[in-house]
Amino acid sequence: MKEILYRDAINEALREEMQRDKSIIVMGEDIKWSIWATKGLVDEFGEDRVRNTPISELGFVGAAVGAAMTGTRPVVEIMFDDLLPICSEQIVNQAARMRYMFGGQTKVPLVIRVPGGAGVSGAGHHSESLEAWFMHIPGLKVVIPSTPYDVKGLLKTAIRDDNPVIFKEHKRLYSTKGEIPEDDYSIPFGQADIKKEGKDVTIIATSYMVLEALSVAETLSKEGISVEVIDPRTLVPLDKKTIIDSVKKTGKVVIVHEACKRCGIGAEIAAIIAEEAFDYLDAPIKRVARLDVPIPFSRPLENCLLPNKEDIIKAVKELLAIR
Amino acid sequence: MKEILYRDAINEALREEMQRDKSIIVMGEDIKWSIWATKGLVDEFGEDRVRNTPISELGFVGAAVGAAMTGTRPVVEIMFDDLLPICSEQIVNQAARMRYMFGGQTKVPLVIRVPGGAGVSGAGHHSESLEAWFMHIPGLKVVIPSTPYDVKGLLKTAIRDDNPVIFKEHKRLYSTKGEIPEDDYSIPFGQADIKKEGKDVTIIATSYMVLEALSVAETLSKEGISVEVIDPRTLVPLDKKTIIDSVKKTGKVVIVHEACKRCGIGAEIAAIIAEEAFDYLDAPIKRVARLDVPIPFSRPLENCLLPNKEDIIKAVKELLAIR
Amino acid sequence: MNLSNEKLIEMYRKMLEIRYFEEKIGELFVLGALAYARGFIHLYVGEEAVAVGVCAGLRKEDYITSTHRGHGHCIAKGVQLNNVMAEILGKQTGCCKGKGGSMHIADVNVGVLGTSGIVGAGIPLATGVGLSIKLKGSEQVCVSFFGDAASNTGAFHEAINLAAVWKLPVVFICENNLYGITVSAAESTSVKDIADRSKGYGIPGVIVDGMDVIAVYEAASEAIKRAREGLGPTLIECKTYRYRGHSVMEQWAQAYRKPEEVEEWKRKDCILKLRTKFIQTNILEEEKICDIEKEVKSRVEEASNFALQSPYPENEEAIKDIYAEVEMSF
Amino acid sequence: MNLSNEKLIEMYRKMLEIRYFEEKIGELFVLGALAYARGFIHLYVGEEAVAVGVCAGLRKEDYITSTHRGHGHCIAKGVQLNNVMAEILGKQTGCCKGKGGSMHIADVNVGVLGTSGIVGAGIPLATGVGLSIKLKGSEQVCVSFFGDAASNTGAFHEAINLAAVWKLPVVFICENNLYGITVSAAESTSVKDIADRSKGYGIPGVIVDGMDVIAVYEAASEAIKRAREGLGPTLIECKTYRYRGHSVMEQWAQAYRKPEEVEEWKRKDCILKLRTKFIQTNILEEEKICDIEKEVKSRVEEASNFALQSPYPENEEAIKDIYAEVEMSF
Ligand SMILES: Cc1ncc(C[n+]2csc(CCOP(=O)(O)OP(=O)(O)O)c2C)c(N)n1
Ligand SMILES: Cc1ncc(C[n+]2csc(CCOP(=O)(O)OP(=O)(O)O)c2C)c(N)n1
Ligand SMILES: [Mg+2]
Ligand SMILES: [Mg+2]
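Chain order of the listed sequences is X, C, H and S.
Going letter by letter, the first sequence gives residues 0 to 322 in numbering that gives the first Met the number 0.
Going letter by letter, the second sequence gives residues 0 to 322 in numbering that gives the first Met the number 0.
Going letter by letter, the third sequence gives residues 0 to 329 in numbering that gives the first Met the number 0.
Going letter by letter, the fourth sequence gives residues 0 to 329 in numbering that gives the first Met the number 0.
Be a bit skeptical, because a hint or two may be false.
What the hints assert, rightly or not - From chain X, some residues computed to sit far from chain H (all C-beta separations above 12 angstroms):
# : residue
1 : Gly39
2 : Glu43
3 : Tyr148
4 : Thr218
To be verified - Derived DSS-like pairs (lysine-lysine); straight-line CA-CA distance at most 27 angstroms:
# : chain 1 : residue 1 : chain 2 : residue 2
5 : H       : Lys23     : H       : Lys267
6 : H       : Lys166    : S       : Lys191
7 : C       : Lys239    : X       : Lys316
8 : S       : Lys59     : C       : Lys106
9 : C       : Lys106    : X       : Lys239
For the record, the hints were derived by calculation from the structure and aren't laboratory data.
Don't be surprised by glycine CBs; every beta carbon is placed ideally from N, CA and C.
So that you can see chain X by itself, here it is in the shape it has in the complex (with noise of 0.2 angstroms):
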């Protein structure tokens, strides 16, 4: 095992896939001179596969989804969330339905990579989180890994799968830490990782999000409350299984985005807890997201509306005052 930072995991797994498979490329505005996530990569596979694009999103992801029925495996970079629906058109009516329309004919090898997120002071245009918008079209999958570990495993997984992925990673996770393997492993899709096992309450986080709710957990544990942690990873495919369990264990759940509340990923798997494990909730399901408000700019606001440690203990606190 070796430390790594969030974003060299992301470069590692691009470093070594482009290594293995000659049709991968990397595409995206910006990435040639980056100093993160693709730091270095022009250097290794040159121009042609490493490609700056103009600011066409439209455009360049529509030539990612025509490059990838032909024969190349492109990972495209989208630098925020907020970007995506200049170019979901494309995402949606193209990459994911190709295969569906065109009767089996066609597969769309994409991964589209988005450093998303808020809480960097991104302001209305530079902090959303979209992932709930792709989680509503099908044939997309949805990825959105929490860890360096995940990340990594998790990324070398969509560059290998045949259909389009959208890979969420978050700006505030890139400088954190993680132990990862030193030889090469992949994580399939579809299977939550149970982050922090624990019986009273269940919280499912995503992104960013887990770290805090990792925190909780500690700290909660110290008042003797113990909290299981679960991060379901890829939310296409969804890991059922192990959220449904956890529950089984707990009756009680806590569901925790960085994501506008309304609509959100946390309704999905909400909605799903009350439909197939209703008979063992015995509280109601918690949601702990963002407020249904824009982003502000200035710090101070910004907080008042992404769900936090406090927040979280609250919520747990409500359930386990129930009965």
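Fit chains C, H and S with the ligands to the known structure of chain X by using the hints.
Below, chains C, H and S with the ligands alone, put in the same frame as chain X:
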């Protein structure tokens, strides 16, 4: 009262509002010579106020936002939901957030009408229902009327509202008939309509599925099952109270919509109930929705994916079998 | 250019195939045999010279991306009539098993990467196909067909700029038939000749008579050659016209254009033009031409019968082909 | 053109205001006083002549839409330094109460409809503002500023086409500073002179030296006049350069461009150029110029103090201004 087609009710609302307020304009692709909702408007209001646009959904929706910020009240038609991704950048990043980002300096009185939906052999690019996307975005209002009465009354309210409104019509509703008053009326946002009272099970349905739910309610009443059918009519703002009151009465809920199940608006409604009315539930919350699959062209296949009366009946009966 | 008589006759045959095929679809629609298809079918009648002239310059391994008005492109590029017809009728024997329909016909074996229900969407795809070709270093090219109204989409602009910057082997074919549904080019497009938009991308822009299959062939062939030689994309605008309504729904009512205008264009008919040339230059005598016409007509009839008699897909098809099997290569 | 000395001096003062203002922001960032702002602040240093030259031709009731690099546009159009500075610092006294920050500065009272975090997004907005003006029949115009890289967005294409077709009173000002972040125009933009893209829209395209405030003023004034007279939009490309990094985060490391290139452009500095002219043509003597410089410097210092001393907004602001009160007019 008079009988009117859904599409003519839209036409009446547009016409009456345009007569009332000169700042209202209508724009979209092929609306001038349309024989549907915008029929004849150009003759009455002229080419300045009834504008055909180029095939530039991003550009003309953006222009509508700019116009709305500066004293015009545009009502834009987007031909079907599948085109919303093309202009979603301007809807999401600009129209929805502008007022907030600018500290309340601006308002964006903009209506985006979208005659969407499946069941018309529109295949993979002309069949979508994307209301969930817009319900996820703070700053928008989302309206989804199922009857001629509702569509006219709600469109008037939408046009008079000073905020951006996504107004979801349905192609299959265009030729349905219903009664409306002769006189001017409007329907406030945030008031669900109990389309049929009942006491055994609550069906919450939207758009075309309201008709299916009502038909199911009638069928089941013959078997002695009393179904309450609620149409939220506006998703943002959502009338939680009417929904929860019904849950208190029946304890059993089936949510029905035509959009994909995963992360659809049914997820949000289920999550709200599981969070705020948990104690009144005596069975799992069922969702009846489209399978998470793109829409195929061939009608027999399309029929396999869309929710229908049998699916709804099955869900109701499963709930009643419980306990 | 050296167009052999055989090639010319082949092009004539293709144009006829498309013409009769489209007329057949129109008939079937009226008869109600397309009951399931509603209005989302757009006929190519009148514009045959464009698809045929362009595709005559392509090889089997070359690619095209197409539009909502794409039957002609598919036929010209070599998709079997039977499978196109069956697809439009939503049958299991269609090239996409009936899942695509008229607006989503693909046949990757002959390089047809799909008709499309989203105007403009095929243009970026073509740019990406060009990228694959360039990366592979093969000699293929990709042609993207689109309408005049599509040239007002952001997709057009972004995709052509990208293809130009990366010097990709793509040929952009704008079929300027003067209207997007009921909206005239004058009402929606700020420039008279769409070929002029090439100046914004530093690539050649060519205007060609889209009613003349030979002219189209020549212009396209030159652009295709440029593309194969690594000299980058070309924008070709073909001035053409659709004889019928925008879709099968709108066969007769066309309040937005004058009957005289339609008649004027019909006098320039591409099939008539080539037919007259055949006779005047003794390439083919009238009788032979009639034979061809009869033969093609019966091929189309056959395709129609094939499609009508084919079964609808089984229900289980509805949930197949959503995801490709994951192909782990380690 | 008839540019009075007073006007010229006023333009000089505005350029200085912007220059000093931006340098102050750079300083505050280094000092950590912008701790909250992270990297999303883009300085206009070097490009002042564009904002000032254009806005000098506008009236108070005219509108502008701006970009991520928009402080200069706001100041040139007349937003108070204090409120711009406070907004960038996220303070309650900012023009958007701190909710917008550098990338969302608006002041509708002087026609500033917002800087923007989405490249290209302001261009369609400007077209729409032009539509409102045309419908009202007023004499206003709307200017849209955007960068060279923004000219590769679909928004650019769709918005200019629409403005051209509808002959709207909009002036499109492209600030070609040769780069979009680290990507050179050569790497991303298929045409050397972005003004050439005007040919795709049938509107005038003008290239102007963006380091010469007088040249910018003249070109812009003509386009503004055209717009006011109902003759439709113009595309003006200003050749300019940013002296600093793309954002405050990237002040020094600029691997993608050579120091000599930067130095060469600095020799053409717009402020220096006007200053030299003042002295050479006896419009203003050196001493007077120094007085102005001192005065502006202290104005900027004042703004900085104002912003630093202003409070952050109260928490309850976080949930205000989401929806406008519904104004039922019946
Ligand atoms: C992006 C998009 N906008 C609108 C439509 C609806 N629509 C279908 S065809 C069409 C007109 C297309 O005109 P053109 O590109 O000139 O092709 P033509 O039909 O004339 O061959 C429109 C507006 C669509 N399918 N896609
Ligand atoms: C649509 C969009 N894509 C990407 C970005 C990220 N981004 C911010 S500024 C910028 C470069 C803009 O270049 P240009 O338009 O030339 O303006 P300049 O910064 O040179 O003034 C990019 C890519 C963005 N904000 N919006
Ligand atoms: Mg056309
Ligand atoms: Mg630039």
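Just want to verify: X:Gly39 was marked as not at the interface with chain H; is every Cβ pair farther apart than 12 angstroms?
Per Cβ check, X:Gly39 is outside 12 angstroms of chain H; nearest 21 angstroms; holds.
Against the 27 angstroms threshold, does the CA-CA distance of S:Lys59 and C:Lys106 hold or violate the hint?
At roughly 20 angstroms apart (the allowed maximum being 27 angstroms), C:Lys106 and S:Lys59 satisfy the hint.
When you look at the beta carbon of X:Thr218, is every beta carbon of chain H farther off than 12 angstroms?
holds (39 angstroms)
Straight-line Cα separation of C:Lys239 and X:Lys316 no greater than 27 angstroms?
Holds, at about 25 angstroms.
For X:Tyr148, is the shortest CB-to-CB distance to chain H above 12 angstroms, so the non-interface label stands?
holds (18 angstroms)
Between the alpha carbons of H:Lys166 and S:Lys191, is the straight-line distance 27 angstroms or under?
Judged against 27 angstroms, a Cα distance of about 15 angstroms means the pair holds.
Are the Cα atoms of C:Lys106 and X:Lys239 separated by 27 angstroms or less?
With Cα atoms ~43 angstroms apart, C:Lys106 and X:Lys239 exceed 27 angstroms; violated.
With a cut-off of 27 angstroms on the C-alpha distance, tell me whether H:Lys23 and H:Lys267 pass.
Given that 27 angstroms is the threshold and the Cα spacing comes to 22 angstroms, the pair holds.
Minimum Cβ separation between X:Glu43 and chain H greater than 12 angstroms?
Answer for X:Glu43: holds, closest chain H Cβ roughly 17 angstroms.
Hint 9 alone, counting from the list given before, is not met by this structure.
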